[in-house]
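4 protein chains.
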Amino acid sequence: MATLRNSSKSINNSGFSANTSAEGGRLVNKDGTINLKKTGMSFLDRMSWYHLLLRLSRVKFLLFVFLFYTVVNTLFAFIYVTIGIEHLKGTDAGGSLANQFQQAFFFSSQTLTTVGYGHISPEGLVANVVASLESFAGIMSFALVTGLFFARFSRPKAYLKFSEHILVAPHKGGTALMCRVASQKNNHLTDAQAQATIAFHVAEEGRRVTKFFQLPLEISSVNSLALSWTIVHLIDEQSPLWGFSEADLQQSDIEVMVGVKAFDDHYSNTVQQRTSYDASELVYGAKFLPAFQRSADGSHTLLELDKLDRYERVKIESNSFNAAVTTAN
Amino acid sequence: MATLRNSSKSINNSGFSANTSAEGGRLVNKDGTINLKKTGMSFLDRMSWYHLLLRLSRVKFLLFVFLFYTVVNTLFAFIYVTIGIEHLKGTDAGGSLANQFQQAFFFSSQTLTTVGYGHISPEGLVANVVASLESFAGIMSFALVTGLFFARFSRPKAYLKFSEHILVAPHKGGTALMCRVASQKNNHLTDAQAQATIAFHVAEEGRRVTKFFQLPLEISSVNSLALSWTIVHLIDEQSPLWGFSEADLQQSDIEVMVGVKAFDDHYSNTVQQRTSYDASELVYGAKFLPAFQRSADGSHTLLELDKLDRYERVKIESNSFNAAVTTAN
Amino acid sequence: MATLRNSSKSINNSGFSANTSAEGGRLVNKDGTINLKKTGMSFLDRMSWYHLLLRLSRVKFLLFVFLFYTVVNTLFAFIYVTIGIEHLKGTDAGGSLANQFQQAFFFSSQTLTTVGYGHISPEGLVANVVASLESFAGIMSFALVTGLFFARFSRPKAYLKFSEHILVAPHKGGTALMCRVASQKNNHLTDAQAQATIAFHVAEEGRRVTKFFQLPLEISSVNSLALSWTIVHLIDEQSPLWGFSEADLQQSDIEVMVGVKAFDDHYSNTVQQRTSYDASELVYGAKFLPAFQRSADGSHTLLELDKLDRYERVKIESNSFNAAVTTAN
Amino acid sequence: MATLRNSSKSINNSGFSANTSAEGGRLVNKDGTINLKKTGMSFLDRMSWYHLLLRLSRVKFLLFVFLFYTVVNTLFAFIYVTIGIEHLKGTDAGGSLANQFQQAFFFSSQTLTTVGYGHISPEGLVANVVASLESFAGIMSFALVTGLFFARFSRPKAYLKFSEHILVAPHKGGTALMCRVASQKNNHLTDAQAQATIAFHVAEEGRRVTKFFQLPLEISSVNSLALSWTIVHLIDEQSPLWGFSEADLQQSDIEVMVGVKAFDDHYSNTVQQRTSYDASELVYGAKFLPAFQRSADGSHTLLELDKLDRYERVKIESNSFNAAVTTAN
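Residue numbers (my numbering), protein chains in the order written: chain A, 1 to 329; chain B, 1 to 329; chain C, 1 to 329; chain D, 1 to 329.
Extracted from the complex, chain A is given alone in its bound form:
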């Protein structure tokens, strides 16, 4: 197996540790999140509710909000029943406790949402104070809930689609590591910048350590992420991958982390997305096929998102490659 070249050039600015005996599994998940849990502080100290509520699935978020609405109404219904349902003018005080609770519950919901039909209305000091507090609480808590709902809806996202595989492809007489990315929705990203880091998990003096290398890219920024963008790292003598054969790569415990950030003028904000490829997602000897074509009427270009990962196998001239390796060594 080829030894790791340029090992001295390893600079760990990945945010991960080189001491991977203490790390478990993949560093970065396929969706770009970090494969990490935090301990050592209480749950509440570790919890940002804003992050949690932004990250929940849409269904869970709406369930959460609805649960909150129900719980608050239940709470206030208890209070109104405790005060005495007769202080809610318009209710039927003669009913069962369940019926009284039901009436109080709906009065509560009419107060919390400030719909206030008024066929039921508070009477007397205590009921009025509670109703007055409830409408205040309703405005304040719906401010958070609706703010979050809109923040989720308008949260700047890159909506990038990465190719599922990363290829070692022939390129300019040598080889290059390539993945492909495109924006998948009706968004238009400009000033896009890409960045790639490779992690080699290697055994060193009996320990499993990780060497990180920033991978220089042929073109690291584009003015406009219009079509699909093939992100290319040339495997030249400066590359940590120089001299790795197909077998070497398949046996290596590697992980390539790719990140793209860009500007979206609808959000007026920077968006970013990350992904990661491990050895099983690397194809040695393949090149991407075009993922766009001219429209039938010739007036515009069609970007075919389902073809983003489309590649064909090609033979890499192992001869010239080995020769290069030999020369380099």
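Calculated directly from the structure, the hints in this document are not laboratory data. A hint or two may mislead.
Pairs count within a copy or across copies, as identical chains cannot be separated in the list.
To be verified - Keeping only pairs whose Cα atoms sit at most 25 Å apart, straight-line, the calculated DSS-like set for lysine-lysine is: (1) K38 - K307; (2) K157 - K37; (3) K38 - K60; (4) K37 - K307; (5) K38 - K287; (6) K30 - K287; (7) K307 - K172.
Following the hints, position chains B, C and D against chain A.
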């Protein structure tokens, strides 16, 4: 026809492909959008509702929202009629179905908007549950609608006006490619940066390929976009346009993409705008005329936006130009 | 009078024009706005309502909003009266037209704000349709109004206070141009960057032209704008001010434009502020006095904002200065 | 005591003054705020309400808002009682003044929150005008209050935890100054950048002056702040700390200010946090122990936040160190 000089310097960081056999029409539309459609994923996967609703015209957006309001009210009206209009106290249960629907519809709208007059009010468990859900749904959906309405209104825009033509003008003893830009509204942009890329669509080995060149600008950033800003690319020996005569340019299939980004302290955000010029919008041998003048009382400057594209024809010394070309070749 | 040195180094990236025969008055006003008006497009095309409504004074904004509220209610009141006040249940249809209008007006305001007491309520199709539209319009228009109100309140501002004068002070054996800036409120700015440009309005071949020079600063960025920050341009041989005596400066038609931008972590945003000094605001031979002192108990520092412009006159060694000039020439 | 090396390299871009005779106490507090007060302008001119209300503790903010709600209701209650409670239809005008005030107060709260039950409703011109104004005022003021409430909740924060101590640790055959930082919540920071400045308060010609040095960091930015990040300043010949023994450091009046900024894609914004270490928080001869481990099932990594400050004492080879110092001198 002059051959493309410095062809080796072509670096495609435009986000478009060099393989333009597969591209159709202009790359960038006049309004800065990309002339591209996406396929290969389902409509919903390709659709960001946020982008769609921000991009709709004002009239269409308001119609969309109003339609949404009507549809939701109709839906709830059906539910109330199904439950039985007699559970809405204050309605006339004896009327026709149409009349019942009408009453339910308006009760629904009073609930959805939380106006809740109360001359109609829900009675019994089911009607109360539905009304309670509706006021909740109203608050949540109006949160999106009003959030979007304000987001559209406050969306950071550059409000730039570009000259409609791009000129080849005499400049410092040679020639330069020039377009002009100004902010057209009562906004003040600072730290403005410009960027220009030229695309040459050329025939190469039978295929139509595109060569992209970043055009270096004489001044690529200004502290304040106060007056009109003439963006100048010097056509010197380093320029891909070096050696192109008027005839060459008119026969060329070129596209010049110009982008400006700047900071607007009212939005506290970066804004940007792009445009594109094709060969038909290029004027060879012309120079811009001033687009501002001193105010009548001398106390301030007047920027005349209608004169942004005002230019006069000038003769370019083809002699010295050709001479230079000759020398350079 | 000293001639302008390094004239060839003049680079106009100020956003203003060198052709100042066509410019009137000061370039930048004392409050950092541009002394410019725009013409040549219709008022509506030149007007960004967002910018206008953010820039209005607080009183004018509230008056504007209140006027809007009154006008909309008046409009709807007319509609209700036209439909017939008898379709508003709970009103007194027998009153005068003025009285009818008054009742309709208040019903309108109760609908627009969604307060909906319900002692008056719409009856019949037409009145219900109008009321339903009005509550919808109320929600939509209050979304803009309240959004703007909060946007004004939360708009990122630098709250910088600049010294009113710019000094030519002795500095490191020579002289330097200095002004001073501090954040004046309970805000804390970090990563502050300053930038200064000088404009010389000079007569050249009978025309009034302006030469712009970027002024290099001794320290152009500070980690934290904690205390007052003295912005210093060294008047060395590279400076366009090199060789100017007090008399020269007073006769010169100059304008120094200073801008500071920084990060405010309460807004989580970049803020910026600009100002400008003309010759009348330049003091030749003065140095700033400290604007801070230790608190009485020694536990913290007191920044004295009223002393930001406090300076004392000092003699500039014209001897050594002139000598230097002579040597340099 | 070792003299301050490279004194000439001191560049004060800290935002603090070198003239510390006038400064009191620590420059930067442990929580990153500046130890400074401002005077010399009126309270209102120095006060940004937005900053104040964002900085208040949650409890104080809610109390403030509730107080505001109560005061406004009280105010309007007075007005309604003054007008005459009989103009509020549905109230009992025969009660005591206190009882009248109470009824007016609750009518006011129903109007301000737009809940508008309607069992009480305004009658006559004056009461209607006041109620109409109140609902308008309610919408406007709740816009600020709820906007602020959500702004507080969604305010971009870095949620960083810094080690409580800064260490002088053995590093690559020499020594280095090290502190450690991690994000403590369920947030994920990318493109993190660190910056460190040291302040030496020294006596110079009888005055207490401060020398500031930017401390170069071994790695000043990481792609992803995934695990804990050890921020390392190598104490080499270029370092202002070169040649300082343990005793020297303990006698020095130093302060190390550390700041980290990064991008949080949930806020889509830059976040930052600062801290400061004084001599009492510096441990000479210690190294950090790992703060993460592999999870029990090996599938992910556990970051142990309570171990962020965990270090062990190590002996620093004073021999080689002194030797180096001797050589360097």
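Review point. With identical chains treated as interchangeable, where does the CA-CA distance between K38 and K60 reach 25 Å or less: within a copy, between copies, both, or neither?
Key: within (23 Å within a copy, 31 Å between copies)
Practice item. Tell me, please, which holds for K157 and K37 at an alpha-carbon limit of 25 Å: within, between, both or neither? Key: Both. Shortest intra-copy (24 Å) and inter-copy (20 Å) distances satisfy the 25 Å Cα cut-off.
Exercise for review: Pop the pair K30 and K287 into one bin, within, between, both or neither, using alpha-carbon distances up to 25 Å.
Suggested key: The answer is within: 22 Å in one copy meets 25 Å, while 34 Å across copies does not.
Exercise for review: Measure nothing new, just compare the shortest in-copy and cross-copy C-alpha distances for K307 and K172 to 25 Å and report within, between, both or neither.
Suggested key: within (23 Å within a copy, 49 Å between copies)
Check your understanding: Between the shortest in-copy and the shortest cross-copy C-alpha distance, which are at most 25 Å for K38 and K287: within, between, both, or neither?
Key -> between (40 Å within a copy, 22 Å between copies)
Check your understanding: When no copy is specified for K37 and K307, does a C-alpha distance of 25 Å or less occur within a copy, between copies, both, or neither?
Key -> Between copies only: 14 Å across chains, 35 Å inside a chain, cut-off 25 Å.
**Study point:** K38 and K307: within-copy, between-copy, both or neither at 25 Å Cα
**Key:** between (38 Å within a copy, 11 Å between copies)
Hint compliance for this structure: every hint is met.
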